[in-house]
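Given next are the chains, with one letter for each unit.
Protein chains: 2
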Amino acid sequence: MRALTSAVSLVVSLASLRASALTFTRLGACPSLGCVFPPDQASFLPGQYFDVRLEVHAPVNGTEAFNGGIPDEKFTFCIQEGKGKCEEASKFFKSTWSDLQTYNFTYYQDQFALDASSPTVVNAAARSLRGLSLKKPGTYKATLKYYNGQTTVATWFVRETPKTAAAKNVLFFIGDGMTQSMITAARVLAHKSVNGVYQSLMQMDQMEALGHQMTHSIDSYITDSANSATALYTGKKTTVDALNVYADSSPTPFDDPKFETIAELFRRKRKGPIGMVSTAHISDATPAGLCSHTRSRGEYASIVYEYLNGAQARTPEFHWPTSCEGPDVIFGGGAEQFFPGSGSYNGTDMYKAYAAAGYQLVYNNTQLQSAKNNQKTLGIFSTSVLPKWIDRNIYPKNLVGLKNSPLGDGGDALDQPGLKAMTLKAIDILQARSKKSGTGWFMMSEAASIDKMMHALDYDRALGELLELDDTIRASLAHLEKIGELKNTLVVVTADHGHGFDVFGSADTKYLASQTTDRQKRKAIGVYGDSGLSGYTMSPDNSSFIVGAQGPNFPVTWTPRYAFAAGTAAFPDHRESYAINQSGPRVAAVSPKGSTDGYVVNPVDQQAGFTLSGNLPPSEGSGVHSLTDVSVFANGPGAETFRGVYNSIDVFFKMANALGLGAH
Amino acid sequence: MRALTSAVSLVVSLASLRASALTFTRLGACPSLGCVFPPDQASFLPGQYFDVRLEVHAPVNGTEAFNGGIPDEKFTFCIQEGKGKCEEASKFFKSTWSDLQTYNFTYYQDQFALDASSPTVVNAAARSLRGLSLKKPGTYKATLKYYNGQTTVATWFVRETPKTAAAKNVLFFIGDGMTQSMITAARVLAHKSVNGVYQSLMQMDQMEALGHQMTHSIDSYITDSANSATALYTGKKTTVDALNVYADSSPTPFDDPKFETIAELFRRKRKGPIGMVSTAHISDATPAGLCSHTRSRGEYASIVYEYLNGAQARTPEFHWPTSCEGPDVIFGGGAEQFFPGSGSYNGTDMYKAYAAAGYQLVYNNTQLQSAKNNQKTLGIFSTSVLPKWIDRNIYPKNLVGLKNSPLGDGGDALDQPGLKAMTLKAIDILQARSKKSGTGWFMMSEAASIDKMMHALDYDRALGELLELDDTIRASLAHLEKIGELKNTLVVVTADHGHGFDVFGSADTKYLASQTTDRQKRKAIGVYGDSGLSGYTMSPDNSSFIVGAQGPNFPVTWTPRYAFAAGTAAFPDHRESYAINQSGPRVAAVSPKGSTDGYVVNPVDQQAGFTLSGNLPPSEGSGVHSLTDVSVFANGPGAETFRGVYNSIDVFFKMANALGLGAH
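Residue numbers (this note's numbering), protein chains in the order written: chain L, 1 to 664; chain U, 1 to 664.
Because the hints were derived from the structure by calculation, they are not lab data. Cβ atoms here follow ideal geometry from the backbone N, Cα and C, with glycine treated the same way. One should not assume that every hint holds.
As the list claims (entries may be wrong) - Distance condition first, Cα-Cα at most 27 Å in a straight line; then the derived DSSO-like pairs of lysine-lysine:
(1) U:Lys192 / L:Lys192
(2) U:Lys145 / L:Lys145
(3) U:Lys145 / L:Lys141
(4) L:Lys420 / L:Lys487
(5) L:Lys376 / L:Lys420
(6) U:Lys145 / L:Lys192
(7) L:Lys372 / L:Lys487
Unchecked claim - Which residues of chain U face chain L? A partial, calculated answer using Cβ under 8 Å:
(8) Thr25
(9) Gln109
(10) Tyr140
(11) Gly196
(12) Ser200
(13) Val385
(14) Arg522
What the hints assert, rightly or not - What follows is a set of in silico ranges between Cβ atoms, one per label pair, in the way DEER data are often shown:
(15) L:Leu201 / U:Gly551: 53 to 61 Å
(16) U:Gly438 / L:Lys482: 50 to 58 Å
(17) L:Glu160 / U:Gly551: 30 to 38 Å
(18) L:Gln607 / U:Glu208: 32 to 40 Å
(19) U:Ser370 / L:Gly82: 50 to 58 Å
(20) L:Thr164 / U:Thr139: 39 to 47 Å
(21) U:Glu640 / L:Gly82: 54 to 62 Å
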């Protein structure tokens, strides 16, 4: 395996690493030629399971070329606990090394190399130890020795943990991509202000604790939703696209060194029910992060298989048996991973597999509402991502013709639950399934399309999803109070990353549409004092505040004459008219058939608007994630620990500590 | 005065109101034809001084035309305390009404009317009561009756207040325009992260309390720095450009109904020393908000006069005698308001006036350091805004040739203190001047050019200023500890508004500069995993972290090959190369001489970059403020009250309560 691969296999291994732009790395969390996973600065809950993987690299060409391309296969690895001696790792862990693995992979050093199709080839040697844990809090020094004197040292921290649980249940809300600027904008959209004083507030505004968390990846300062979900659920930073594993350099996306999630820990230690609710396809990164392990978030079919069977059923040679054991509640979209076909695991009928495992199945809101509370429940309500709040509530005709039936029969999924309906039913099921045992429950509920609509530059729909999330939080707190669980339940609300969105003024949509040149249209924008007050909470004659059909915490109108003028830090070529897209979610940029030049303005989008040339690579057709810290709001037992500024990984430790999952 | 004014006076009164874009209002906080100031929902500290002003409007033309353009001069106004009867206001306050004032003003109803030069004319009748206060906490209902049955009702709240002070001193830091996204970016610039775990943090990250405040104006959801300073210092929302007054419709910017600031309250009740420090011209809105009252923040000369003499000295007919009585420390730029000339008050020598009032004067850092601590001190270090941290520390040659000597002699101001030097010296002076009396002190220290450089789209310099602010906070806490005042001092850090800034990836500046087309240059941007790690904290070979010449909390380099790719929600036409401007602050857009088409790309700015067409009105040549809530960080006695989400006006009440300024 040490010989260079052929040109064909070069292309294959290339595709498994990201090579779409610059700052390319040989392997994310491994700047030197000797790689230790878990890497330096990793933190663990006492007793949390994890794998160790060691790699030694020998680049054949490029600026890092070393040792004639021959990796050291005789590397050693030892662990030092506190001030003890450094003990050979398999002895320290009382575990057995995997066989030595040798292979090669390629990467591009920079965009110049990519333009020139000039990859760097790296030969690698690797070994793993699997299913380990460290029970004793403290500091551990792990040392890899290779190439006759080189060392890579990783310091690991096993954190102190409280001996008792403060909370019985955890309800964890994630507003995907929800930046503070969006929460502020949603407040302006939906809450009345009189002379600068709000008469009502977002539910998030009223939570007991406010914090900020830093969202960056292990090897890049911008994250995606897979590795940020991993951080929130496991206390481990990892690489873009990775779910609950450290991305290694080997070709398969299923053998990377993994670690245990809070859902798996809850199942293993508390033996209580678990719920996952999302408005995305349920195999999407944020729900997938609870109960799956792969370097490649796009392995949707395997992810859905793993929910039910655990990773060890799929690839037993790489995995140890801890899993979610089939979450008690799975509600969302993504039916194409369930009905038999090209999207499902080996083409099998996963609905049938879930039913055989004891799940009741529901496919629409009517069935959801009448489902039994004491049974494991799979609710899949459409193919792909669920329809948006604005389309369900304001423009329901947009649901017609989507051919998104969860049965895969090409019909339309018209009887749709929203996030609130799914979340409240999930609480009832988890509550019913834990009532006798008193185990409590753990649930994650995700407003996924805040992010998806921000990517699409469809700010109206993104903020509609955010208001639905806030309404869901409000209703959930009330429901928990009603069933007597509010005082027992830690409720945490946060985001997994930002988008560089903000509102900077208002746009006179009437004036803008009436003008004929781009520069004249831009005169429709009012900034500072001329931004005026919210047109969204006003009656049609702008004279008074009224409550709209969707209730007191939603806008009265989505089509005011004076609309938000909002923008984002990064965007493809597109147009802006600042009027809501009434026919369905926006498609701002398109890549014309046959063109190799990438994305350009969608000629049928926002036709009354003016044109903005993009600042993203032409290969990006939508907005991208941003750097900013995101807000954390918490309520209930343990909420006070969520105050202040901390890393995304700390959210895991705070939740795990509130549940007493590190106690032993 | 009721007759229509001539065309000439129409233009004059027009200029006094804003009419640059849309959502134009007749008068900000007065949607009906009867105006009450303080308006509905106003809050007061017990005993805080304020004016009442009532206006009745009769639009002559436009959609609001009423009563043949004749305003009701017989309006009445009464105050109801709690459930008592509504008592005529002059009797209730034991005060005397001003004479009835009649005049007219004009405004444009929308951009169509402005394009057509078709203003709406409004006749007005008005009266005022001045120098009032409400001592008893509770709810007051103020009712204006006019036009034979119409009413405008304002509900006022006098807030409960603690009887004792928790804090002896308050040190209030304002990062002008400092959004959380900038704090996050500054952290990446200057603090080392190993595998996603920071090895050091911003000082702001480590404060005891974290909060968010909503920054909007009274009559628009986007604020400027004048009305946001007013909110932070007085607990009153007002209009863009207004300082510690409610903007009325009369022509003079000095007669508007005013209210007392925290600095004036501190002087009146505690009799302790006050400090104002800013890297802007010291007459700029954020320092001016401490000790001046005008509807028009651009009245720089009057503002500097008012610092020394109080508003009552300038226009005694409109004012009651409360003032800062000459702040003990005034450090900043803006020498053109001090040396005699067109920028100073009536052309007088304000340096001489300050000296005559007992101030020691310092003009550079050497003099600042050797100044006595027991004397009132005026330190003016340049004309206009002070040079930026990056120019002082990284590119000091940029200070040469600015002709910004504080003496107005056309020389260069080369011996410049930074924010840290000014703030530490200010602490020493305030401490020395209150040591015997034990009054404690109040100081505001502003990092003004975070905002100014964000406006300029010069993100590097903006973040340099932010890091200087953080370094100043760190040094101030250490200094307070050293002089034994840390435990007595409430330290609050916040911003007055946001900018829609965020980092969305990294840019390979070498690749970008080497390409010839805009679309090819955009391929230099790496997003998500390709954003990579911070180039700013790396050694030149990217292999290790080192400490740079400016210390451990600043970047090692400002010119990494892989630089931040950052953007903002709103911008004029400009170019981006993502490389720092080494010759001084950026000028991104220019309005060519003789052109009436507004701002276009500056042909000499970022010449290696690609072009972005703007989304602002062509009349705007720089970035603008944004909507997002901003962060609040607090330390010391009273800090815990700054947790959570609240309105900007609440910052005043929290600080005033910590100082016991409402006790009576």
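How the hints compare with the structure:
no.	hint	verdict
1	U:Lys192 / L:Lys192	43 Å, violated
2	U:Lys145 / L:Lys145	87 Å, violated
3	U:Lys145 / L:Lys141	78 Å, violated
4	L:Lys420 / L:Lys487	21 Å, holds
5	L:Lys376 / L:Lys420	19 Å, holds
6	U:Lys145 / L:Lys192	25 Å, holds
7	L:Lys372 / L:Lys487	25 Å, holds
8	Thr25	7 Å, holds
9	Gln109	11 Å, violated
10	Tyr140	15 Å, violated
11	Gly196	3 Å, holds
12	Ser200	13 Å, violated
13	Val385	19 Å, violated
14	Arg522	5 Å, holds
15	L:Leu201 / U:Gly551: 53 to 61 Å	41 Å, violated
16	U:Gly438 / L:Lys482: 50 to 58 Å	54 Å, holds
17	L:Glu160 / U:Gly551: 30 to 38 Å	32 Å, holds
18	L:Gln607 / U:Glu208: 32 to 40 Å	53 Å, violated
19	U:Ser370 / L:Gly82: 50 to 58 Å	53 Å, holds
20	L:Thr164 / U:Thr139: 39 to 47 Å	45 Å, holds
21	U:Glu640 / L:Gly82: 54 to 62 Å	36 Å, violated
Of the numbered hints listed earlier, those contradicted by the structure are 1, 2, 3, 9, 10, 12, 13, 15, 18 and 21.
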